[in-house]
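Peer 1: Each chain, letter by letter, is given below.
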Amino acid sequence: MGIEGINIRHYRASGILIEFGFGHRVVNNRINNMLEHGVEVVSSRGNLIWKNEISYCYDGVLLISGSTNNWVIENVASRCYGDGFESFLAPDSNNAFISNKSIRNRNNGLEMYGSNNLAFNNLILDNGIGVIISQERDSVFIGNKVKGTILGTHVIFEEYTNYFAGGNKIVCNREEGIENNNGQFGIFIDNEISYNGDSGILFGEESSENLVMNNKLVCNVPDNISNRGTNNSIINNTDKPCDPCESPSDVCDAFSDEEGNIIDESKVGVN
Amino acid sequence: MDVRMKIEQEIERKKKIIEDCKNMMERIPNHLRPSQETALEIYKRELEALEQELVKLENKNFMNK
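Note that the protein sequences, when read in sequence, are chains A and B.
Residue numbering for the first sequence follows the working numbering, beginning at 1 and increasing consecutively.
Residue numbering for the second sequence follows the working numbering, beginning at 1001 and increasing consecutively.
Hint data in this document are derived by calculation from the structure and do not stem from the laboratory.
One should not assume that every hint holds.
[Claimed, not checked] Restricting the straight-line Cα-Cα distance to at most 30 Å, the calculated cross-link-like pairs of lysine-lysine (DSBU-like) are:
hint: 1; chain 1: B; residue 1: K1006; chain 2: B; residue 2: K1022
hint: 2; chain 1: B; residue 1: K1006; chain 2: A; residue 2: K51
hint: 3; chain 1: B; residue 1: K1006; chain 2: B; residue 2: K1044
hint: 4; chain 1: B; residue 1: K1014; chain 2: A; residue 2: K51
hint: 5; chain 1: B; residue 1: K1006; chain 2: A; residue 2: K169
[Claimed, not checked] Covered by chain A, according to a simulated footprint, are these stretches of chain B (three or more residues, beta-carbon under 8 Å):
hint: 6; segment: 1037-1043
hint: 7; segment: 1046-1057
For glycine and all other residues, C-beta sits at the position ideal for the given N, C-alpha and C.
Modelling step: build the complete structure from the supplied sequences, incorporating the hints.
Peer 2: Here is the structure:
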């Protein structure tokens, strides 16, 4: 079944709900001011959520209760009261979040629980927390941009195993660029992590056996890399401190106009 | 966020919405009421699923002790 080109607003439930469904297409809808979520996918698999504009909902797109193999592509979730995009718990696995924009949501830009989920080429801008990775193993985070988060940027916890983050740009966030509390066997490669208000990469005491290689780390305060874990390998990274009299906030203020148009675009769906 | 806390928060939020929905039901016009009742049923089902998830988690933690 396809749901395409509908304006949905001011409902007391979710805008679009797929329950025990398979292979449905939710394309190019505008959803705003829901009491619940923009698009909610419950115990469903293989659905396409594409080019929807969602604002002022609880979560933008929520995958829950064992939703797997879903494609969430080129959506905009902005100004939601919960998260922009979320896979809720460990059974919500094998999903793809590609080229979405998650802008100014109150909680998390992208909350990815479960195994083998993919986040590729997403823009995660000005959210409470940028990205949460938790429960199980093997998820991948490639080519995303995370900027302007307030309470945390990219947080990995619950002993997440075999996580891969590569080619991401993580700049101008208020706290650590990547915070790996107790993850194991993660790979962090070719990321640009700059001008964050706390360490660029922080490995907690219980983290172990992670690889950090070929990343560019510039002017993260106090340290570009803070390693409190065991057997983490840190190889061949560009580790550049701030220039004299330079601080992340000075540099980021200059960057902030660059994103102004994107934020204005995110208002398009609001009626 | 801890998984247990995450589920508990979601249960709390869902309960509040169900309560609000029930209170609103009287004020909803007759022709819209069936769809609102359907939404309420969905909420209740989701709440039940979350509560079961929490019980499963508690059992698992108990077994691990």
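Peer 1: Just to make sure I understand the rule, a stretch counts as covered if three or more of its residues have a C-beta closer than 8 Å to a C-beta of the chain. Does the segment 1046-1057 of chain B meet that for chain A?
Peer 2: holds (count 3)
Peer 1: If you draw a straight line from the CA of K1014/B to the CA of K51/A, is it 30 Å or shorter?
Peer 2: The given pair, whose Cα atoms are some 28 Å apart, holds under the 30 Å limit.
Peer 1: Given that the segment 1037-1043 of chain B was listed as covered by chain A, double-check it with a C-beta distance under 8 Å for 3 or more residues.
Peer 2: This one holds; 3 residues, not fewer than the three required, reach chain A with a Cβ under 8 Å.
Peer 1: Can you confirm whether the C-alpha distance between K1006/B and K51/A stays at or below 30 Å?
Peer 2: It holds: about 28 Å lies between the C-alpha atoms, which stays within 30 Å.
Peer 1: Does K1022/B sit within 30 Å of K1006/B, going by the straight-line distance between their CA atoms?
Peer 2: Roughly 25 Å separates the two Cα atoms, so the pair holds.
Peer 1: Would you mind confirming whether the straight-line C-alpha gap from K1006/B to K169/A stays at or under 30 Å?
Peer 2: holds (28 Å)
Peer 1: Tell me if the straight-line CA distance from K1006/B to K1044/B falls inside 30 Å.
Peer 2: Holds. K1006/B to K1044/B sits at ~18 Å (cutoff 30 Å).
The structure fails none of the hints (numbered hints given earlier).
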